[in-house]
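Residue numbers (my numbering), protein chains in the order written: chain A, 1 to 420; chain B, 421 to 639.
Please note that the accuracy of each hint is not assured.
In silico DMTMM-like pairs for lysine to aspartate or glutamate, Cα to Cα no more than 20 Å straight-line [claimed, not checked]:
id : chain 1 : residue 1 : chain 2 : residue 2
1  : A       : K273      : B       : E469
2  : A       : K341      : B       : E452
3  : A       : K248      : B       : E464
4  : B       : K564      : A       : E88
5  : A       : K273      : B       : E464
6  : B       : K489      : A       : E335
7  : A       : K4        : A       : E55
8  : A       : K73       : B       : E452
9  : B       : K560      : A       : D45
10 : A       : K47       : B       : D556
11 : B       : K459      : A       : E14
12 : B       : K489      : A       : D338
13 : A       : K246      : B       : D556
Okay, the calculated bits of chain A under chain B, using three or more residues with CB under 8 Å as the criterion [claimed, not checked]:
id : stretch
14 : 15 to 22
15 : 106 to 113
16 : 195 to 206
17 : 309 to 320
18 : 323 to 330
19 : 336 to 344
Keep in mind that the hints were calculated from the coordinates and are not lab data. Idealized CB from N, CA, C, for every residue including glycine.
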Amino acid sequence: MSTKLEQAVHALKEQIDAPVASFLSSCVHCGMCAQACLFHTETGDPKYTPILKVEPLRRVWQQEYTFWGRMKKMFGLAKPITDEFLAEWEELVYDSCTMCGRCSMVCPVGNDITYMIRKTREGMAVSGHVPDGLVGATTRAVTIGSPMGVKFVALEAQIRHVEKDYGYKVPVDVEGADYLCMLSSMEIMNFPEYIGAIAKIFDHADVSWTLSSKAFEATNSGIQIGVSDIAAELVQRIVSEAERLKVKCVISPECGHAYTAIRWEGPNLAGKKFGFKVRHILEVLDELRQEGRLKTEGMKDNRLTYHDPCQIGRRGGVLEQPRNLINMVASDFVEMPDAGKMNWCCGAGGGVSTNERADEIRLKSFQRKKEQLEAVQAETLVSACSNCRIHIEDGLEAYHMDIPVISLTETLAEHLVDKE
Amino acid sequence: MTELEFLSWVRGPGFQIATVIFVFGIIVRLLEIFLLGRKANLAEANGSEMSGGMRAIFSRMAPESDTMKRSMFTIVAGYIFHIGLFIVIFLFAPHILFFSDVIGFSWGALPTPVVDMTSVITMITLAAVLLHRIKDPVMKYLTKTQDYLVWLVTFLPLLTGYLAFHRVGLPAPSLLALHILSVELLMVLFPFTKLMHAFTFVLSRWYNGAISGYKGVRS
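Bound-form chain A, shown alone (with noise of 0.2 Å):
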């Protein structure tokens, strides 16, 4: 066994708890984790099936930590871990799962099979079984700052363009500001007007708010790739600016994955309780429109409908606030069908849209979203993650659709009465 092999075999071991321990020894191989996820009920292909990903993680729990499992090794008849074997299944942890988190939610014996899909690339990463694009990503978070390379000077730029257009004041590096803003490169370079609207909401709520120039990106590009050394250090990061800075919370942006980073894995990663909040921008409006410091007026009166984002809705918990603030300002919205905790996936999360080579599977599965779409003939899709947004305007283009995508936080800010 070489030592690479070696090391991802003791990675993933590291990785096995309790929980992982019993999803394992529950699976009774029904299958029904096959129709609950894309990218097996748009390709047909049973090896699409969420259980089976997680194979490389089994057979290291199976070998290592079962009694039957540790005498079959030990007689030479388990199935090696060879490097062949995880170069086979790069395919199906990576490309083909976005960590959505539909298959843990209809397993009838109760498996998180998202939450070993995560453990087990952190056995892959140590493998070196990773897609190029993903690589590339996480080396530039690490260097650079974000994924998509983007520096601050760029960010600055942008705020320039948006302080100009919107004619409102973007605060960097304010100390004692309430809130941390964070952002995605994806917003930064392709939608810059949620940093537009973000300044236009929280001028008209009073809200005191700031960006950082050394960390403003959200995103967390070791996580998706599985390597929690990079997870931390990049989450490391935000946390050393909101110290700086002071900030009560710190707000995820209309990201899905970023939120899960920052929220839920952040203080875990990071090692410690931190000394600040995390909420992601629909909690924080949406406590804003509690408190009566948001006043729109007009409602958008075309067929609407909400994209539940992943991480945002089923792995995150922030489903009842974007509803709240979609009926301020639209008066025919629409559920799909499955809409919320059981809403289908976009296609791209989880690292599957910064690696090229699934854009093919990526595109097919988007199926799903088409037939969503398709069974409520919503004439607008309203999201909160840039990252699905982005995937969803490549989806309906490919398959001739004409929906336009909206951000809701823009679109809040489009209705907001103006200031007195």
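Start from chain A and add chain B according to the hints.
Okay, now just chain B, sitting in the frame of chain A:
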């Protein structure tokens, strides 16, 4: 070994061996899980682990509507053979007599013809489940030798029990001995196979519900 010697062996030493393997095996398997532990979650909670976990233990009995549509056969057949097994194992008068000898108390039985019919329905359902496993592309892809083995050791006690009750083919003591032996086979294999799910599903559902519940999601 005569017919009666065989029967007394399966009732005596055979059963003792099977029981020891069954009980200790399950304890070891559960310890293997619990001793691994898990790290404390340092993220600020948005809900309760305990109530999320307890909820999931029960809520997973009722699949979401989309899941119901997509996995209709698995769900319905699964329900039938699990309930069938429960009725046949625990609500058949001779079985209750046996259990009360071991644990010291008894409970009401279902009328024997009802149990008899249930055993037939359960066997037919298990046959259908096996066919599904062989035919369905996903099931076929997922299936390992163990899945067939577990199917067989679950089916055999039903079949031998049915034959023993109706006295088909062999003298009564032999039929009974074979029935008990098939149950012992099931007990011996139980801790080493996916049959363990009968215990661990409670843990899995709890962990799943707890992980989600902590984030304020009902899974």
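Establish whether the coverage given for the stretch 195 to 206 of chain A by chain B is satisfied; the threshold is a Cβ-Cβ distance below 8 Å, and no fewer than three residues must meet it.
violated (count 0)
Against the 20 Å threshold, does the CA-CA distance of K73(A) and E452(B) hold or violate the hint?
holds, 17 Å
Mind taking a look at whether chain B covers the stretch 106 to 113 of chain A? Criterion is 3 or more residues with CB to CB distance under 8 Å.
Check passed, 7 qualifying residues.
Pair hint outcome, K4(A) versus E55(A) [Cα-Cα no greater than 20 Å]
holds, 19 Å
Between K246(A) and D556(B), does the CA-CA distance stay at or below 20 Å?
violated, 58 Å
20 Å Cα cutoff - pair K248(A), E464(B):
holds, 14 Å
So if I understand the rule, the pair passes when the alpha-carbon distance is 20 Å or less; does K341(A) with E452(B) pass?
violated, 33 Å
If you look at each residue in the stretch 309 to 320 of chain A, do at least three have a Cβ nearer than 8 Å to any Cβ of chain B?
holds (count 6)
Is the hinted pair K47(A) and D556(B) satisfied, with a Cα-Cα distance of at most 20 Å?
Within the cut-off at roughly 13 Å; holds.
20 Å Cα cutoff - pair K273(A), E469(B)
holds, 18 Å
8 Å C-beta criterion, at least three residues: is the stretch 336 to 344 of chain A covered by chain B:
holds (count 4)
K564(B) paired with E88(A) [C-alpha distance capped at 20 Å]:
holds, 19 Å
Violated hints for the displayed structure, listed by number in ascending order: 2, 13, 16, 18.
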